[in-house]
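Fit chain B to the given chain A structure using the hints.
The listed protein sequences derive, respectively, from chains A and B. When we follow numbering that gives the first Met the number 0, the leftmost residue of the first sequence carries the number 0, and every step to the right adds one. When we follow numbering that gives the first Met the number 0, the leftmost residue of the second sequence carries the number 0, and every step to the right adds one.
No lab work stands behind these hints, which were simulated from the structure alone. Check each hint, because a few of them may be wrong.
A few chain B residues that face chain A, going by a derived Cβ cut-off under 10 Å, partial list only [what the hints assert, rightly or not]:
no.: 1; residue: Ser1
no.: 2; residue: Ile2
no.: 3; residue: Asn3
no.: 4; residue: Ile4
no.: 5; residue: Arg7
no.: 6; residue: Gly9
no.: 7; residue: Asn13
We put the CB at the ideal spot given by N, CA and C, even for glycine.
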Amino acid sequence: MKDFIEGSDAVARAVALCRPGVISAYPITPQTHIVEFLASMVADGKLKSQFINVESEHSAASLVLGASAAGERVFSASSSQGLILMSEVLFNIAGMRMPVVLACVNRALSAPINIWNDQQDSMAVRDSGWIQLYAETGQECGDLIFQAYRLAESPEVRVPVMVCLDGYLLSHGLEVVDVPEAAEVDKFLPPYRPAEKLDPAAPMTFGPLAGPDYYLEIRHDLHAAMRGALKLIPSIAADFSRQFGRNSGGLIEGYRLEDAELAIVAAGSVCGTIKEAIDALRQEGVKAGLLRLITYRPFPEEAVSAALAGVGRVAVLDKAISLGATGPIYADLATALVHGKNQARVNGYIAGLGGRDITIETIREIFTRLSGEEVSAGFVGLKG
Amino acid sequence: MSININSRPGSARNNRTGSWRVDRRPKFLRQNCIACRLCLLICPEGIITGKAKNSFETDYVYCKGCGLCAAVCPKKDIEMIPEDTETEG
Numbered sequence: 000m001k002d003f004i005e006g007s008d009a010v011a012r013a014v015a016l017c018r019p020g021v022i023s024a025y026p027i028t029p030q031t032h033i034v035e036f037l038a039s040m041v042a043d044g045k046l047k048s049q050f051i052n053v054e055s056e057h058s059a060a061s062l063v064l065g066a067s068a069a070g071e072r073v074f075s076a077s078s079s080q081g082l083i084l085m086s087e088v089l090f091n092i093a094g095m096r097m098p099v100v101l102a103c104v105n106r107a108l109s110a111p112i113n114i115w116n117d118q119q120d121s122m123a124v125r126d127s128g129w130i131q132l133y134a135e136t137g138q139e140c141g142d143l144i145f146q147a148y149r150l151a152e153s154p155e156v157r158v159p160v161m162v163c164l165d166g167y168l169l170s171h172g173l174e175v176v177d178v179p180e181a182a183e184v185d186k187f188l189p190p191y192r193p194a195e196k197l198d199p200a201a202p203m204t205f206g207p208l209a210g211p212d213y214y215l216e217i218r219h220d221l222h223a224a225m226r227g228a229l230k231l232i233p234s235i236a237a238d239f240s241r242q243f244g245r246n247s248g249g250l251i252e253g254y255r256l257e258d259a260e261l262a263i264v265a266a267g268s269v270c271g272t273i274k275e276a277i278d279a280l281r282q283e284g285v286k287a288g289l290l291r292l293i294t295y296r297p298f299p300e301e302a303v304s305a306a307l308a309g310v311g312r313v314a315v316l317d318k319a320i321s322l323g324a325t326g327p328i329y330a331d332l333a334t335a336l337v338h339g340k341n342q343a344r345v346n347g348y349i350a351g352l353g354g355r356d357i358t359i360e361t362i363r364e365i366f367t368r369l370s371g372e373e374v375s376a377g378f379v380g381l382k383g
Numbered sequence: 000m001s002i003n004i005n006s007r008p009g010s011a012r013n014n015r016t017g018s019w020r021v022d023r024r025p026k027f028l029r030q031n032c033i034a035c036r037l038c039l040l041i042c043p044e045g046i047i048t049g050k051a052k053n054s055f056e057t058d059y060v061y062c063k064g065c066g067l068c069a070a071v072c073p074k075k076d077i078e079m080i081p082e083d084t085e086t087e088g
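Next comes chain A alone, as it looks inside the complex (with noise of 0.2 Å):
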């Protein structure tokens, strides 16, 4: 059924036909109304799940680790500093192999402080173990949580999910949203069944110690498990859309890049406006292109490297950056060029932090400054 909603309520609608049994977050801006509307149906009869409220972020990941423990399907949600609060645990729910799902709406970090949209809080826990989805609309934000389940649980991946949605301008935008039937959901994604589970009838230790005679090899398991989600991702996408009738998730989406000499990587709701400049620059006779990383964690290399193979100049816009270094995504794709042996010229550009406006002129600019110096961070838009 379409419905005119926030991409805060194609989430929540998402979340409550995937039944979870236990949702636990606490409040935060500018995640709040997800919770809010999880709350609300469950409050209502509507949703048959516990809520429980808790007494802070780092408690919500504590919870919904222990419930996933105990073999239910669960769901949390968190922004900026909630998120930071939260990453001893997330650290813990991918170690412990816990397929949780959890949507991060997007915003910065303090200080100073500051409500708005960027994406260094997600990108401040890249290195948690987690795998990262980013959505580029209300529709996708919905879609990327069936599909976050599906590939979370499935046996041979056992791997934590986050998609991630920009502050505002996904999680309070409205848009038409295709909210599928319960039925329809439920022929997508199977009842949550794990091997293993907490239960005082039959004990079980789950998160031992490992000294350093298995530690190494349990994180190789763990990277191996993400490494082996590159090939699950796409075809969990490839069966969403013979069910849904729609294309949403996957690796990559590439954007007029088939005779690209310029092109751009971003991710999430910023390649909306680089689409609509590469409309315009192409009626201008500039051969420009996108690549939208849709899967961040794990890395995907060699789509990567495909999908821009005959590129000359790549910019890569991170509305994050690793102070000091470059913006995550810029360095992560470099790498990629180097091992897929690319010929691209590949500049970074770090844009839009603590919610600073990305236009279409922004985007003019920074295919611009493509041809212009060498960059591996040059700030847009930056104040003299």
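Frame of chain A; chain B shown alone:
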């Protein structure tokens, strides 16, 4: 390799920590014991058993030879003896 990161309860019993002993083990003399149970309570391995006077013993499969039982005994009825003297028991 794929390692099962979850484990069954009681698996620590598989670590036969008696092999950690370096050169001494406790010997329960069973002469002046008053059954105060301090040795049983202080043992970090929880392997000292016994109820009546002069009935206490340890499990050498797990005893690490830390010597706390001998140190805490108010009657000096537990002695740390070299590993290469006498048989265990």
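Discussion item. So, against the hints stated earlier in the document, which numbers end up violated here?
Written reply: Number 7 only.
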